[in-house]
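Chemist: Each chain, written out:
Number of protein chains: 2
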Amino acid sequence: MTMNIDVTYTKSLKPKPIADNIAFGKHFSDHMAVIDYSEEKGWYDPRIVPYEPITLDPAAMIFHYGQTVFEGLKAYRTEDDRILLFRPEKNFRRLNLSSDRISIPTIDEEFALSCLKKLLEIEKDWIPTAEGNSLYIRPFIFSTEPNLSLAPSKTYQFMIILSPVGSYYKEGIQPVGIHVEDEYTRAVRGGTGTAKTAGNYAAAYKAQEKATQEGYSQVLWLDGVEKKYIEEVGSMNVFFKINGEVITPELSGSILEGITRMSIIEMLKDWGVPVIERRISLEELYDAYDKGQVEEAFGTGTAAVISPVGELNWDGRKMIINNKQIGELSQKLYDTLTGIQTGKVADPYDWTVEVK
Amino acid sequence: MTMNIDVTYTKSLKPKPIADNIAFGKHFSDHMAVIDYSEEKGWYDPRIVPYEPITLDPAAMIFHYGQTVFEGLKAYRTEDDRILLFRPEKNFRRLNLSSDRISIPTIDEEFALSCLKKLLEIEKDWIPTAEGNSLYIRPFIFSTEPNLSLAPSKTYQFMIILSPVGSYYKEGIQPVGIHVEDEYTRAVRGGTGTAKTAGNYAAAYKAQEKATQEGYSQVLWLDGVEKKYIEEVGSMNVFFKINGEVITPELSGSILEGITRMSIIEMLKDWGVPVIERRISLEELYDAYDKGQVEEAFGTGTAAVISPVGELNWDGRKMIINNKQIGELSQKLYDTLTGIQTGKVADPYDWTVEVK
Chain A
1 MTMNIDVTYT
11 KSLKPKPIAD
21 NIAFGKHFSD
31 HMAVIDYSEE
41 KGWYDPRIVP
51 YEPITLDPAA
61 MIFHYGQTVF
71 EGLKAYRTED
81 DRILLFRPEK
91 NFRRLNLSSD
101 RISIPTIDEE
111 FALSCLKKLL
121 EIEKDWIPTA
131 EGNSLYIRPF
141 IFSTEPNLSL
151 APSKTYQFMI
161 ILSPVGSYYK
171 EGIQPVGIHV
181 EDEYTRAVRG
191 GTGTAKTAGN
201 YAAAYKAQEK
211 ATQEGYSQVL
221 WLDGVEKKYI
231 EEVGSMNVFF
241 KINGEVITPE
251 LSGSILEGIT
261 RMSIIEMLKD
271 WGVPVIERRI
281 SLEELYDAYD
291 KGQVEEAFGT
301 GTAAVISPVG
311 ELNWDGRKMI
321 INNKQIGELS
331 QKLYDTLTGI
341 QTGKVADPYD
351 WTVEVK
Chain B
1 MTMNIDVTYT
11 KSLKPKPIAD
21 NIAFGKHFSD
31 HMAVIDYSEE
41 KGWYDPRIVP
51 YEPITLDPAA
61 MIFHYGQTVF
71 EGLKAYRTED
81 DRILLFRPEK
91 NFRRLNLSSD
101 RISIPTIDEE
111 FALSCLKKLL
121 EIEKDWIPTA
131 EGNSLYIRPF
141 IFSTEPNLSL
151 APSKTYQFMI
161 ILSPVGSYYK
171 EGIQPVGIHV
181 EDEYTRAVRG
191 GTGTAKTAGN
201 YAAAYKAQEK
211 ATQEGYSQVL
221 WLDGVEKKYI
231 EEVGSMNVFF
241 KINGEVITPE
251 LSGSILEGIT
261 RMSIIEMLKD
271 WGVPVIERRI
281 SLEELYDAYD
291 KGQVEEAFGT
301 GTAAVISPVG
311 ELNWDGRKMI
321 INNKQIGELS
331 QKLYDTLTGI
341 QTGKVADPYD
351 WTVEVK
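Residue numbers (full-length UniProt numbering), protein chains in the order written: chain A, 1 to 356; chain B, 1 to 356.
One thing to keep in mind: the hints can contain errors.
[Unchecked claim] Chain A regions said to be covered by chain B (calculated; three or more residues, Cβ under 8 Å):
no., stretch
1, 24-38
2, 159-173
3, 193-200
4, 310-322
[Claimed, not checked] With a cut-off of at most 16 Å between alpha-carbon atoms, the simulated EDC-like pairs for lysine to aspartate or glutamate come out as follows:
no., chain 1, residue 1, chain 2, residue 2
5, A, K324, A, E311
6, A, K154, B, E266
7, A, K227, B, D81
8, B, K210, A, E311
9, A, K227, A, E284
10, B, K206, A, D100
11, A, K206, B, D100
12, A, K26, B, D57
13, B, K227, A, E284
14, A, K210, B, D57
15, A, K41, A, D108
16, B, K344, B, D81
17, B, K154, A, E209
These aren't lab readings, by the way, just hints derived from the structure by calculation.
A quick note: this is a predicted structure, and the numbers were derived from the prediction, not measured.
In this text, a Cβ means the ideal position worked out from N, Cα and C, and glycines have one as well.
Please model the entire structure based on the sequences and the hints provided.
Modeler: Next comes the structure, spelled out in structure tokens:
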């Protein structure tokens, strides 16, 4: 795709939220990127327009049969005022993998990324400068055809919206308490667990409600078949350091292939820390705990980067990890990865992409 | 809820589609019902307004995290010009059960039904009169809060739209061929399979694609855990008549509780036909077939009412049912149920509700 990206500028700029006090996902920049799709034209009319409402027929398929996928990534402003993205090509790759699962036509990944870069050039003043702040980027695609027939939509819209976000850890990193969910299921092999699609998230709220009621902040998800194996924590991938070795659940067909997950594994290998992707059951984890071998645990994702787990509760069987403190390795991973993302430490892996 | 339903009439009526040539789900009536929800007010401002587009912020949660539920039912016009609904209270009951699974606030079922009745009074000329035609009714709820935080929406909209539909069987009832799906999963216990929520439907297209490529019209879904037990056919419940007994998969926590399914079971019991809800594996079905005991098979749902299955293909193991003809019992169920729905035969069960 080598189409021209048409730009329409807004007539009135919005006030920007005050740094360090920015709630996640509630403020949006002045412009957004849009690309339309129809069966006849494919993806067409890429454009940057003022941030404005979406208007859809009440019969638009998104409201009924839910074909929609999304991505989440961040733009960081470096101390020397450069704009960095972190492995954005991986996000657009995954967007297409998600689309394929949900029967949405794929998009030219490089072109979608070039739209994002152009949008960021225009919106660069929306990238907060304060420590830990960033500009959250939300590409998404949704079905638009007004038709109640049960079949994939013939029309779609791709959009990118931008949202400045404050620091995830305003008061320092606090390990979280996790409720092990053994009733509700997030995903199962053959299902949509590997796709970033809306239905997975709505399905997870019910278990989150239970966790909150019990005083825990997140849910640990088990596999949908045997309800034995660990899959994810909240909307994050999960890692355990057990007896010197780092273990993360293997991509079994129901686990989201996190880009932070992938990067953590690559860093650990580079550092010579033993790391393995394999099935791990709750029983195995609790056995290791009883032997005093569970050293660290953490979730990984775009929002928190690293979210240490301080406590697990599996039907009353409680596990306190590393005295509810962030572990040494978790801290090093957090510092290095956020350092690379924000340009504070060298990027030996060539992960960051500068937006000029 | 005893709120007043405000009515705003459209200024220009649309032309109605020509009977017997009406494509499903593409034409919509002149008005729609709307009720808003906010945390502070609960459900409020019920109104009937001209059919018009929905306008939403691009960050509205429906586009990202997919909290949405829907229902489908039909209004029929009788030969003596009365308007009948079929067990509509069951649809609003199920809407609330779906909402509960997806963390959407429930709605007053009786009030929602009264909104539908009021809408139908205004739109009664949209109910087609031709044989087999009806007015398809689509109540749905979707999340509207503009917020990318991963938490249930604080605002929602409930809507009812109406779509005149032609006869499902324009050229008589044709038994369909079914592809047995053993790779993709529709639903699993603990998941959202019992809810009418958008994500389930988008997730099913991929398997439907495979079925279509192999020359079959629908997918037979197996359980997500063992991939052994029969769950549904396409978006319908499924029944088998084996050696004089009618068997349908029990509601296991991943099967939609169909209102047609429920009605078929009640009718069979009333007629003294042995009917049982239990797990049934594909192996059991094929064993019975080898013994010559599979007499009839059919799907049940609002759209088709009864959809006979003429052929199954499980990885090359083909089963031809009743010589690809509709079975005697299937035909009787179809005739009786559609007869009751359209007021042509007496309704001994008090299932129909007249809209005055």
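Chemist: Each hint needs a verdict: does it hold in this structure or not?
Modeler: Consistency of the hints with the structure:
{"no.": "1", "hint": "24-38", "in the structure": "holds (count 5)"}
{"no.": "2", "hint": "159-173", "in the structure": "holds (count 3)"}
{"no.": "3", "hint": "193-200", "in the structure": "holds (count 4)"}
{"no.": "4", "hint": "310-322", "in the structure": "violated (count 0)"}
{"no.": "5", "hint": "K324(A) to E311(A)", "in the structure": "holds (7 Å)"}
{"no.": "6", "hint": "K154(A) to E266(B)", "in the structure": "violated (40 Å)"}
{"no.": "7", "hint": "K227(A) to D81(B)", "in the structure": "violated (55 Å)"}
{"no.": "8", "hint": "K210(B) to E311(A)", "in the structure": "violated (44 Å)"}
{"no.": "9", "hint": "K227(A) to E284(A)", "in the structure": "holds (13 Å)"}
{"no.": "10", "hint": "K206(B) to D100(A)", "in the structure": "holds (8 Å)"}
{"no.": "11", "hint": "K206(A) to D100(B)", "in the structure": "holds (8 Å)"}
{"no.": "12", "hint": "K26(A) to D57(B)", "in the structure": "holds (11 Å)"}
{"no.": "13", "hint": "K227(B) to E284(A)", "in the structure": "violated (26 Å)"}
{"no.": "14", "hint": "K210(A) to D57(B)", "in the structure": "violated (30 Å)"}
{"no.": "15", "hint": "K41(A) to D108(A)", "in the structure": "holds (14 Å)"}
{"no.": "16", "hint": "K344(B) to D81(B)", "in the structure": "holds (12 Å)"}
{"no.": "17", "hint": "K154(B) to E209(A)", "in the structure": "holds (14 Å)"}
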